[in-house]
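J.: Sequence:
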Amino acid sequence: MKDDIHEKGEVVGKTTATERFPNTVEEFYFWVEPGKIINPFDFVSVEHVKETTTIGLVSSMKLITDAKSHLADFVSSEFGKVESKPQTPRLETIVAKAKVMSNISEKFPIEVLMPVSANKIVRFATKDEIIAGLGLLAVPEEKRVPMGVIEMSNGTQVSVFVDSEYLLGPQGAHLNISGITGLATKTSYLMFLIQTIYQRKKDQVAIIIFNVKQDDLLHLDEEPTDITPDDEEMYEIVGVSKETFPLSDPQKGIRGVKYFLPRGFRGQPNSAYIPQEHYVYAYALSDVHNRLDLLFHGVPDPYLTMRGIIDYIMERYGQLRFRRDVTDPNTGRVIRRAGSSVVTWEDLRLFEDYPREVVRYERTAWRFRGLLRQFTTSDLFVNQR
1 MKDDIHEKGE
11 VVGKTTATER
21 FPNTVEEFYF
31 WVEPGKIINP
41 FDFVSVEHVK
51 ETTTIGLVSS
61 MKLITDAKSH
71 LADFVSSEFG
81 KVESKPQTPR
91 LETIVAKAKV
101 MSNISEKFPI
111 EVLMPVSANK
121 IVRFATKDEI
131 IAGLGLLAVP
141 EEKRVPMGVI
151 EMSNGTQVSV
161 FVDSEYLLGP
171 QGAHLNISGI
181 TGLATKTSYL
191 MFLIQTIYQR
201 KKDQVAIIIF
211 NVKQDDLLHL
221 DEEPTDITPD
231 DEEMYEIVGV
241 SKETFPLSDP
251 QKGIRGVKYF
261 LPRGFRGQPN
271 SAYIPQEHYV
281 YAYALSDVHN
291 RLDLLFHGVP
301 DPYLTMRGII
311 DYIMERYGQL
321 RFRRDVTDPN
331 TGRVIRRAGS
341 SVVTWEDLRL
351 FEDYPREVVR
361 YERTAWRFRG
371 LLRQFTTSDL
381 FVNQR
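Here the sequence shown is numbered in our numbering, starting from 1 and rising by one per residue.
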């Protein structure tokens, strides 16, 4: 790796600095050699003081000519004749601005943060300069999780990765993915990332996916039909197999996909697509009584009046009992006997025997029971399994 850093990329131009546009510790400018193709987000390198190299990321470009104004160009075309050719070609050059990413060196012990000088050769950064410039050399091999490929205008392709401790923990466990809504690009990228994590750390992680894409994420065990040669090349660069997620099979020791579908009408799965291997899930009060507050998350309760009822149920579940018989208002039949326990959702909907210190106003209990009935009418909430 150290010897590779000394390799030099293709020359693309030279640095420049003016009174109006000076180079700073955060950015530098360079003019682009005529005929060279370079784009925003390409990485470039510049030799700096003390045998160090500054790595920059092209952030913007502009074309500068010797015309004093747009009107001068208009006049030079015979006052607006599109087909005319100027007698004297304009002097012009493309000037690019690059954000300083890092300063690297094998000999100098500290990072040089001084501005880059003018008239220094600018080159396309090499693969190893990009890796070093991004600070990725500090990530141990066993902790590297591939995140994708950087592809530059000169054809250079570099696999980039992150430290798994900052992606999965314990140092951190977070990732933001932004993009245009509705194109499924964020979902596709996330599935690629999950596949890389699964292939490298499947014995150390458990992956839970909430499907909000109709049936898109219910085919994870099926072979893809749209893999292109370019996709295969990308998989090879990042060192990830294009295999699917296997179905979980504990008897064979396979830790793979399990599909959990919400319970629907008459216990059937409520799903746009039903995989051949699946489980149906539902919530009984006995399963979630200690998380009952999550059911009411987002309900306005500025004076915490309902919170008192919720906490009371969470703390006393298993001890709650009806103090008197509960009758059906339509038939008069007794549907809950005094002394019977509050165990199911229906029990909780009928329960009214809260102590005075918990329910000071009857309307609070009415509101709680109304919201409880509204939130638990789905077939997903069951009284018995």
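Hints are computed from structural coordinates only; laboratory data are not their basis.
Take these hints with a grain of salt, some might be off.
Unchecked claim - DSBU-like, lysine-lysine: derived pairs with alpha carbons at most 35 angstroms apart: (1) K62 <-> K127; (2) K97 <-> K201; (3) K68 <-> K143; (4) K201 <-> K213; (5) K36 <-> K14; (6) K97 <-> K14; (7) K242 <-> K258; (8) K14 <-> K107.
What the hints assert, rightly or not - Estimated spans, in silico, between C-beta atoms of each pair: (9) E51 <-> D216: 31 to 37 angstroms; (10) K143 <-> T225: 52 to 58 angstroms; (11) L294 <-> K107: 22 to 28 angstroms.
Glycine is no exception: its CB is placed at the ideal position from the N, C-alpha and C atoms.
J.: If a hint holds in the structure, say so; if it does not, say that too.
T.: Results for each hint:
Our distance criterion of 35 angstroms between C-alpha atoms is met by K62 and K127, whose separation comes to about 26 angstroms. Taken as a hint, the K97 and K201 pair is broken in the structure, with Cα atoms around 40 angstroms apart against an allowance of 35 angstroms. Distance hint between K68 and K143 is unfulfilled; the C-alpha atoms sit about 55 angstroms from each other, more than 35 angstroms. A threshold of 35 angstroms between alpha carbons decides the hint, and for K201 with K213 the separation of about 26 angstroms falls inside it, so the pair holds.
Straight-line distance between C-alpha atoms of K36 and K14 comes to about 12 angstroms, which keeps the hinted pair within the 35 angstroms bound. Using a Cα cut-off of 35 angstroms, the hinted pair K97 and K14 holds, with the two alpha carbons roughly 12 angstroms apart. Our distance criterion of 35 angstroms between C-alpha atoms is met by K242 and K258, whose separation comes to about 20 angstroms. With a C-alpha separation of about 24 angstroms, the suggested pairing of K14 with K107 holds against the 35 angstroms cut-off.
Between E51 and D216 the beta carbon distance is about 52 angstroms. The supplied range of 31 to 37 angstroms is therefore violated. The beta-carbon spacing between K143 and T225, approximately 34 angstroms, falls outside the hinted interval of 52 to 58 angstroms. Remark: the range hint 22 to 28 angstroms for L294 to K107 is contradicted by a beta-carbon distance near 57 angstroms.
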